[in-house]
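Student: Sequence:
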Amino acid sequence: MSAQHRTIVEKSFERLFLKPLRAMRSRPSTFVSGLLVLLIATAAIFAPLIAPTDPYDLATVSILDGRLAPGQVMFDGTVALLGTDGAGRDVLSAILWGLRTSLIVAISSAAIALTVGLTVGLVAAFYGGRLDSFLMRVVDIQLSFPAILVALVLLALLGKGIDKVIIALAIVQWAVYARTVRAAAMVERRKEYFEAATCLELSNGRIIWRHLLPNSVSSLIVLATLQTAHSVTIEATLSFLGVGVPITQPSLGSLISNGFDYILAGAYWITFFPGAMLLATVAAINIFGDQLRTIINPRLSR
Numbered sequence: 000m001s002a003q004h005r006t007i008v009e010k011s012f013e014r015l016f017l018k019p020l021r022a023m024r025s026r027p028s029t030f031v032s033g034l035l036v037l038l039i040a041t042a043a044i045f046a047p048l049i050a051p052t053d054p055y056d057l058a059t060v061s062i063l064d065g066r067l068a069p070g071q072v073m074f075d076g077t078v079a080l081l082g083t084d085g086a087g088r089d090v091l092s093a094i095l096w097g098l099r100t101s102l103i104v105a106i107s108s109a110a111i112a113l114t115v116g117l118t119v120g121l122v123a124a125f126y127g128g129r130l131d132s133f134l135m136r137v138v139d140i141q142l143s144f145p146a147i148l149v150a151l152v153l154l155a156l157l158g159k160g161i162d163k164v165i166i167a168l169a170i171v172q173w174a175v176y177a178r179t180v181r182a183a184a185m186v187e188r189r190k191e192y193f194e195a196a197t198c199l200e201l202s203n204g205r206i207i208w209r210h211l212l213p214n215s216v217s218s219l220i221v222l223a224t225l226q227t228a229h230s231v232t233i234e235a236t237l238s239f240l241g242v243g244v245p246i247t248q249p250s251l252g253s254l255i256s257n258g259f260d261y262i263l264a265g266a267y268w269i270t271f272f273p274g275a276m277l278l279a280t281v282a283a284i285n286i287f288g289d290q291l292r293t294i295i296n297p298r299l300s301r
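Residue numbering for the sequence shown follows numbering that gives the first Met the number 0, starting at 0 and increasing by one per position.
Keep in mind the hints are simulated off the structure, nothing from the lab. For every residue, glycine included, the Cβ atom is placed at its ideal position computed from N, Cα and C. Hints may contain errors.
What the hints assert, rightly or not - Label-pair restraints from in silico Cβ distances:
#1 Tyr267 / Phe133: 47 to 57 Å
#2 Ile246 / Arg129: 13 to 23 Å
#3 Arg188 / Tyr267: 51 to 61 Å
Working from the sequences, and respecting the hints, build out all of it.
Tutor: And the structure:
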């Protein structure tokens with residue numbers, strides 16, 4: 000790795016990671032939202048360990064525990080802190096497992112979409128011409144349709160399954176990354192270092208990945224954060240409609256949907272607590288993403 004490339008990477012690391020960490024000390028909203036995101040992610044990762052019960056283990060679920068109010072004791076002696084649903088599953092455990100599924104789907108789809116969009120955006124900006132026009136027209140067509148509509152059509156073709164939802168959400172999101180990267184890379188193309196790299200007759204791959212990429216990635220950090228929250232919302236919507244994650248697997252959307260049948264009977268907690276967790280998750284990620292955008296690009300706050 001050349002000294003020049005190390006300098007570019009070090010500056011990018013400083014701007015994208017060290018600077019936001021230092022700024023959190025003076026920005027309570029950034030610190031609080033970041034801490035909340037960390038707690039939510041930790042709860043999702045360790046859900047099998049911290050959940051009081053396994054809500055999808057038929058051997059431990061009893062219909063006799065159905066619709067217990069928050070704080071009541073289940074048949075096996077376990078206290079249902081957030082109550083139970085109609086099937087006798089502990090709502091707290093179901094929320095933790097559902098949160099785990101939602102974040103797995105959101106992060107996986109965002110990573111795939113980021114990889115595809117990053118590649119398309121850099122290639123379009125570097126080569127320009129007809130290739131750029133063609134790729135951007137594809138992006139325009141993709142973005143002209145509502146994301147939820149595209150996801151519904153794709154899942155109707157692919158069927159149910161966590162992997163199918165991840166693929167559908169990745170297809171829905173890649174165009175957003177491609178357009179953002181292409182816009183940032185076009186700005187970098189006008190700078191002197193790009194002209195110098197071209198004059199030195201460096202290979203196209205080296206110019207793209209060692210020069211354009213490090214200087215165009217700052218906007219992607221924020222975009223990936225916000226798109227993750229968007230993915231959580233879409234996944235919950237699809238599961239709520241019954242076309243996303245299979246009903247045999249936990250999801251915040253399906254938990255909310257299942258509780259609707261019991262609201263009029265007074266069992267509000269079956270829908271309320273999963274909905275509150277979904278709202279808190281999306282809000283925390285969005286606020287944290289907005290704060291990161293302000294830190295990385297201070298001009299946006301002026």
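Student: Hints first: check each against the structure and report whether it holds.
Tutor: Results of checking the hints against the structure:
1. Tyrosine 267 and phenylalanine 133 have their C-beta atoms about 53 Å apart, which keeps the hinted 47 to 57 Å range intact.
2. One distance hint, 13 to 23 Å for the beta-carbon pair isoleucine 246 and arginine 129, is violated here, with the actual separation near 47 Å.
3. Between arginine 188 and tyrosine 267 the CB atoms are about 56 Å apart, so this pair conforms to the stated range of 51 to 61 Å.
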